[in-house]
Amino acid sequence: MSRFADHLLAAPIVVPLLAGALMLLLGERRRALKAAISLSSTFALVVVAIAILHVIDLPPNRAGSTGVYRLGAWPAPFAIVLVADRLAALMLLLTSVLAFASLLFSLARWHRVGAHFHSLFQFLLMGLNGAFLTGDLFNLFVFFELLLAASYGLALHGSGALRVKAGLHYIAINLAASLLFLVGVSLIYGLTGTLNMADLAIRIPAITPENRPLLEAGAGILGIVFLLKAGMWPLCFWLPTTYAAAAAPVAAIFAIMTKVGVYIVLRLWLLLFGVEAGASAQFGGDWLLFGGMATVAFGVIGTLASQDLARLTAFSVLVSSGTVLAATGMGQVAVTTGALFYLVSSTLGLGALFLLVELTERGREPGADVLAVTREAFGEEDDDEEGEIGVAIPATMALLGLAFIGCALVVAGLPPLSGFIAKFALLSAALNSSGANGSGGPISGASWALLAMLILSGLAALIAMVRAGIRTFWAAPNRTIPRVRVIEMAPVAILIFLCGILTIQAGTIMRYMRDTAEVLHTPRSYIGNVLPPSASEARGAGRS
Amino acid sequence: MEIILALGIGTLAGSGVWLILRPRTFQVIIGLSLLSYAINLFILAMGRLRIGAPPVLATRGVGDPLLYADPLPQALVLTAIVISFATTALFLVVLLASRGLTGTDHVDGRERDS
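These protein sequence lines are chains A and B, in that order. For what it's worth, the numbering used here labels the leading residue of the first sequence as 1, then goes sequentially. For what it's worth, the numbering used here labels the leading residue of the second sequence as 545, then goes sequentially.
Keep in mind that a hint or two might mislead.
Covered stretches of chain B, as calculated for chain A (at least 3 residues, CB under 8 Å) [said to hold, decoys possible]:
no., region
1, 569 to 576
2, 610 to 620
3, 623 to 630
4, 634 to 645
5, 648 to 654
Residues from chain A that keep clear of chain B, each with C-beta distances beyond 12 Å, as calculated [unchecked claim]:
no., residue
6, A21
7, G72
8, V113
9, A206
10, T522
Label pairs and their calculated CB-CB ranges [claimed, not checked]:
no., chain 1, residue 1, chain 2, residue 2, range
11, B, F629, A, A51, 33 to 43 Å
12, B, P615, A, T208, 20 to 30 Å
13, A, E210, B, L549, 13 to 23 Å
14, A, R511, B, T555, 53 to 63 Å
15, A, I463, B, I547, 56 to 66 Å
16, A, R31, B, V626, 30 to 40 Å
17, A, A217, B, R566, 23 to 33 Å
18, A, G500, B, P609, 57 to 67 Å
19, B, I547, A, P205, 28 to 38 Å
20, A, H7, B, T632, 31 to 41 Å
Keep in mind the hints are simulated off the structure, nothing from the lab. Glycine is no exception: its CB is placed at the ideal position from the N, C-alpha and C atoms.
Work the whole structure out from these sequences, hints included.
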């Protein structure tokens, strides 16, 4: 990798940090300038993420290419490293694309309803990117706190009693989780003497049997924290309320925040407790599988029971992360491939849906209470005047309805959009994997359960979406047509369009996902890239 | 030494957990603070307890690692203190906002119907 590309790895953290800090210095009145800075920073992130993805995925070293950025040029176990492998690069791109869409959406009006929206947004991006890139447990904690601190501010963006109430619970539960995070990290450090993820993966097989329960307790406590972020049942009761109460662009970017938890579980579980972890191999796999299924069940019941679209979408977030967790718990390359594709497609679809929900609810009097609260709190009663500046699209409802159908197709997993391909990949992998595992044996019970779960959750999502769609678009008496501006419709269209691209380019993308999953399931390549050769050879000698 | 530290961590964590489960926002915030003290002590304990051993090398020469305490947990504690201080301050602001908007200090924003 060239020198320039090496430094490129720090950009996803540095760019939003600088942009956010710069905007803190500007007054609240200079909104146009702030919007320009924020938008260009986020666009730069998209470009950087594409560049990193391109560098990582160069054909010659397809087997296991990993970019490592050593801060201060210290060797890996002694100092902080940033590591970008295929999974991290994928998540960076997903985050920046979603961020760009929700930022564009917020420019119509949402960025005006509270202070420091753009700075908080950039700090959230910095925390997200840092969490994806870091190769060190404690740094992960710091980036988690960064993104959470920014998300506390964003969750309360727009103020109002509803948001403050939801935010209070959200902050309390996340502060408690952060403390658990520290317990887990320090337990693991006390036993292994390292916090570097690659170094940990080397040392875990060598832990003595009497210390092993303690290590597994530490890992379990860490797992609780990440599963709480991912919204696994029964740690997910905070999620629907918070997400449904958050402002639309904030909720859209929050759709990626549950995926941070899922990402860390994928990364750490497969790295530390993969096939090479000795006595602790596959520790907690059943918890992921069954916990994921319980989450899907809870999410499905929630979607069917929700009265308004925002809550329905929030419960769909649970279904999505539950599906990925359960598929991860299978611990097989093919299933993980499908899960990764599903993760990308469902995050884009849910992000679009969160944005769309706000647009459709705008015209409905009962759903307009959130907006009313916002106006009340900030004394802003001139929404309609602001609306006049933009172009009022004719046949707004038709466009909104079409976009809603698109989102529903992605979320429920029906052709022709990408949700179908994702579910198909998961289904076929679940059916074939047990054959590869037990050389043509019968399909295992877990596979059947996963199969049933996928199909039933898709059916339930379809029922819930169709019901909500009919209620919103067809059977709403004396409603006013919502005023929608192009800048608000465009992000939704972009996200759905990207789902379409995912479908058309499914072959290429699936190839990338398979490479990602293979690298994830062979921790050796990650370790070899992060640590200097002597350390990874010492490991091989110690094991043989 | 060990038993004192263990009892201290246990007492702080126990009181913290009990307070977090209370219905008043102020109790919750005090509970979180107590818990974070317990965790900070716990991190320090994970670096093994040493008395009279400095964590920083002397200015000259190469030090013998056996004479020094593990500096990493101390650095971690410092970071953890700063972060928990900042987030507690932020939580306090939200608490006040909630008190102002709902008129009650109950965590659910309204008193339980009795």
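These are the hints, each one checked on the structure:
1. Taking a C-beta to C-beta cut-off of 8 Å, the region 569 to 576 of chain B contributes 3 residues in contact with chain A, enough for the three needed, and the coverage statement holds.
2. Taking a C-beta to C-beta cut-off of 8 Å, the region 610 to 620 of chain B contributes 3 residues in contact with chain A, enough for the three needed, and the coverage statement holds.
3. Restraint check on the region 623 to 630 of chain B versus chain A: 5 residues with Cβ-Cβ distances below 8 Å, three needed, restraint holds.
4. Coverage of the region 634 to 645 of chain B by chain A holds [criterion: at least 3 residues with CB-CB distance below 8 Å; count 7].
5. Interface restraint, the region 648 to 654 of chain B with chain A: holds (3 residues with C-beta to C-beta distance below 8 Å; minimum three).
6. Listed as outside the interface, A21 of chain A is consistent with that label: its C-beta sits roughly 16 Å from the nearest C-beta of chain B, beyond the 12 Å cut-off.
7. Listed as a non-interface residue, G72 of chain A keeps its Cβ farther than 12 Å from every Cβ of chain B; the least gap is roughly 15 Å.
8. A cut-off of 12 Å between C-beta atoms confirms that V113 of chain A is not in contact with chain B; the least separation is 15 Å.
9. The Cβ of A206 of chain A lies farther than 12 Å from every Cβ of chain B, with a closest approach of about 19 Å, so its non-interface assignment holds.
10. Remark: the non-interface label on T522 of chain A is consistent with the geometry, its nearest Cβ contact in chain B lying 29 Å away (cut-off 12 Å).
11. The given range of 33 to 43 Å is respected by F629 of chain B and A51 of chain A, whose C-beta atoms sit roughly 38 Å from each other.
12. Checked against the hint of 20 to 30 Å, the pair P615 of chain B and T208 of chain A passes, with Cβ atoms roughly 25 Å apart.
13. The hinted range of 13 to 23 Å is satisfied by E210 of chain A and L549 of chain B, whose Cβ atoms lie roughly 22 Å apart.
14. A hinted range of 53 to 63 Å holds for the C-beta pair R511 of chain A and T555 of chain B, which are about 57 Å apart.
15. Range check, I463 of chain A to I547 of chain B: Cβ separation about 60 Å, and the 56 to 66 Å hint holds.
16. Evaluation of the 30 to 40 Å hint for R31 of chain A and V626 of chain B yields a pass: the beta carbon distance comes to about 32 Å.
17. For A217 of chain A and R566 of chain B, the hinted distance range of 23 to 33 Å is satisfied, since their beta carbons lie about 27 Å from each other.
18. Taking the beta carbon of each, G500 of chain A and P609 of chain B are about 59 Å apart, inside 57 to 67 Å as hinted.
19. The hint said 28 to 38 Å for the Cβ distance between I547 of chain B and P205 of chain A, and at roughly 33 Å that hint holds.
20. Remark: the range hint 31 to 41 Å for H7 of chain A to T632 of chain B is upheld by a beta-carbon distance near 36 Å.
Hint compliance for this structure: no hint is broken.
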